[in-house]
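Now for the letters of each chain:
Protein chains: 2
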Amino acid sequence: MSAAVAALDWGTTRLRAWLLDDAGKVLAERRGDDGLITAREKGFSTVLEGHLAAMGAPETLPVIICGMAGSRQGWLEAPYVTVPAPIGAILAGAIRVPGQGRDIRIVPGLAQRLADAPDVMRGEETQLAGAGLPAKGRHLVCMPGTHSKWVAVEDGAVAGFGTWPTGELFSVLAAHSILRHSLGEHPAAVAADNPFFRQWCERALGEGGDVTSKLFAIRAAGLLHDLQSDDAAACLSGLLLGGEIASAKRRYGAGDEPVVLVVSGALAVLYGAALGVAGLAFRTVDADEAVRAGLVEAARENGMIGAAA
Amino acid sequence: MSAAVAALDWGTTRLRAWLLDDAGKVLAERRGDDGLITAREKGFSTVLEGHLAAMGAPETLPVIICGMAGSRQGWLEAPYVTVPAPIGAILAGAIRVPGQGRDIRIVPGLAQRLADAPDVMRGEETQLAGAGLPAKGRHLVCMPGTHSKWVAVEDGAVAGFGTWPTGELFSVLAAHSILRHSLGEHPAAVAADNPFFRQWCERALGEGGDVTSKLFAIRAAGLLHDLQSDDAAACLSGLLLGGEIASAKRRYGAGDEPVVLVVSGALAVLYGAALGVAGLAFRTVDADEAVRAGLVEAARENGMIGAAA
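Taken in order, these protein sequences are the chains called A and B. Each residue of the first sequence is one higher than the one before, starting from 46 at the first, in my numbering. Each residue of the second sequence is one higher than the one before, starting from 46 at the first, in my numbering.
Chain A extracted, bound-state conformation:
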């Protein structure tokens, strides 16, 4: 089977590229650290064509892109679609990069223009489109990461969403706050079966997402109870994940169906454990597969490849 489309998830620091057939099957894959920060220097077209050539893509192969490459600081701004919005309409709003030898389009991000809860996403809308949500019903989707997104989907449309900077808070507090003394210079990966993870997750859940009152307690537990650095990292992780889940649950309720957890790698286990502690049923969708499926769907919505068989 020959490639129908090249698909890119082009973020701030990283890029992933695939050649896909028209059913979304992976024919070739590239990963690079030439996210938009690097690409702004080298040129987006140069970076893209380099990856395409390395995968042996024909010169006329169309390209569909999602992520921060479509931001104001990226290749070409793909203006935000304002929610509420049907997921199909978001994908169909991809904009074409002018002056290129091939058909290159960038999927827009989403904006929630609420005075009391402004929010934006870029990239996660494509994961969402590829997460295989039923066309009907109310569904709650959790996409963990540096900036975790929770999305309420109603009958195939994004009703609202929110961002919890859980991954970023962990990194920043571990490196720059007083907790660096507790976690040590190179915190080990947190194990979901560390009892401190579960305990501090419960603690945050028990107070509805109040995280800030418990941060210093991790430091104090080191001074008073000889808490070790790996366990301190588990405390911080459990506290932040528990806080995120408590807060999102309060905002969106639990949904009609299990939470759809769109995630890859180590975070899958941690978020699965935390959702379990919170008593929330969930089903897991692989985030890499979801973004590829979403990109294929976007290519289809924009007529870059044929309709699904």
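Please keep in mind that the hints were generated in silico from the structure rather than gathered at the bench. Ideal Cβ placement from N, Cα and C applies to all residues, glycine included. Treat the hints with caution; some may be incorrect.
[Said to hold, decoys possible] If we take Cβ atoms under 10 Å as the criterion, some of the chain B residues that face chain A in the derived model are: (1) 47; (2) 141; (3) 156; (4) 162; (5) 222; (6) 223.
Chain A is fixed; fit chain B onto it per the hints.
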């Protein structure tokens, strides 16, 4: 009137020293950046005698010290007093530094050895002792700062306390998180009458101290609503102070009397405004005066100066 005692608030990065008469009146004052980090290199005795000589203190003048100089990393560890504990007993537990030409004592810090809320303080216990609390009744004391402390006092004893790292979160998030793009390189001091301060304070109060769900919204408000950097700093400050107050109020209730706000400088105005938004009555005690009064009280409890007239 001649000096009765030299009193020092000796923290991690700063030191303040006074010569006081036996009523606590200030006869001389010194401020230095030779906190324990510097003093560990120069020698605590050398640093202390330098400041005392500069203030013209006699060689036999006794010295009372509070703060991080009494920590394990300080001059001499003054072991924590475990709460609940009467404030007078805390002060009376000051330990004497051996091998010195004069009587030098360090006030112990406090430890809350609860499995689910471990906490420590050093220095604030002395402010608390000098805050002029009535001997009877239940009082809630707020001591804002890098690590804000809230203390529940019952009939002159510390019943419990907690730490909210509000000042540290502001600094760390402003410098190292995605919010640095929103606040700019040198965030201006936040004005308490900035409407964003009040609005985001209300927002955190409305959700019981859930701060983490609203951090990214400050960034999004910059992208979507052209929020300016000074206003973004006001949002972050309001959010963190509102979150602290909501959380402390839930933990300790409101007390029989107005909250006792022990604070100096710009924070006095911000916390006063935030307590107002929260609908909490308060009275303000100057933190500098409180720590001096507490040190005099500690000197008295340890028989270093005569009983109060």
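Practice prompt. Sort out which numbered hints this structure fails and list those numbers smallest first.
Written response: 1 and 2
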